[in-house]
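Residue numbers (full-length UniProt numbering): 1 to 96.
Note that these hints are calculated values from the structure, not bench results.
Careful, some of the hints might be misleading.
[Said to hold, decoys possible] Result set (EDC-like, lysine to aspartate or glutamate): computed pairs, CA atoms no more than 20 Å apart in a straight line:
(1) LYS17 - GLU55
(2) LYS17 - GLU33
(3) LYS17 - GLU36
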Amino acid sequence: MRQLITRLDDDLHARLKARAQAEGRSVNALVVEALERVTGAPVDARAAVRQRAREAGLVVTPPVPARPEPRDRVIASTRGAGTSVGEALAAERDAS
Numbered sequence: 001m002r003q004l005i006t007r008l009d010d011d012l013h014a015r016l017k018a019r020a021q022a023e024g025r026s027v028n029a030l031v032v033e034a035l036e037r038v039t040g041a042p043v044d045a046r047a048a049v050r051q052r053a054r055e056a057g058l059v060v061t062p063p064v065p066a067r068p069e070p071r072d073r074v075i076a077s078t079r080g081a082g083t084s085v086g087e088a089l090a091a092e093r094d095a096s
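Modelling step: build the complete structure from the supplied sequences, incorporating the hints.
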């Protein structure tokens, strides 16, 4: 990846900074997107949204269980844990 050093008018930099902050993005991300548009490079809208979410700290990757529990075992482990939905609805119907 390359770096680009450029001189900007103070007012232009202030506007870039304000817009980036309003959009929850970095100035760098905003400038890169603008340069991609100017050069005709395709901008992937989904990738842009994911990048903004990443920059804002909104991307959460849930941990994947090492080995999922077998369905039978999960059902067996909840047996007797409480009233089933069907029983609760039947009791409510009987009461009314």
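A quick look at each hint next to the structure:
Taking the CA atoms of LYS17 and GLU55, the gap is near 15 Å; set against the 20 Å cutoff, the hint holds. Distance restraint check for LYS17 and GLU33: the Cα-Cα separation of roughly 14 Å lies within the 20 Å cut-off, and the hinted pair is therefore satisfied. For a cut-off of 20 Å, the pair hint linking LYS17 to GLU36 stands: about 18 Å separates their Cα positions.
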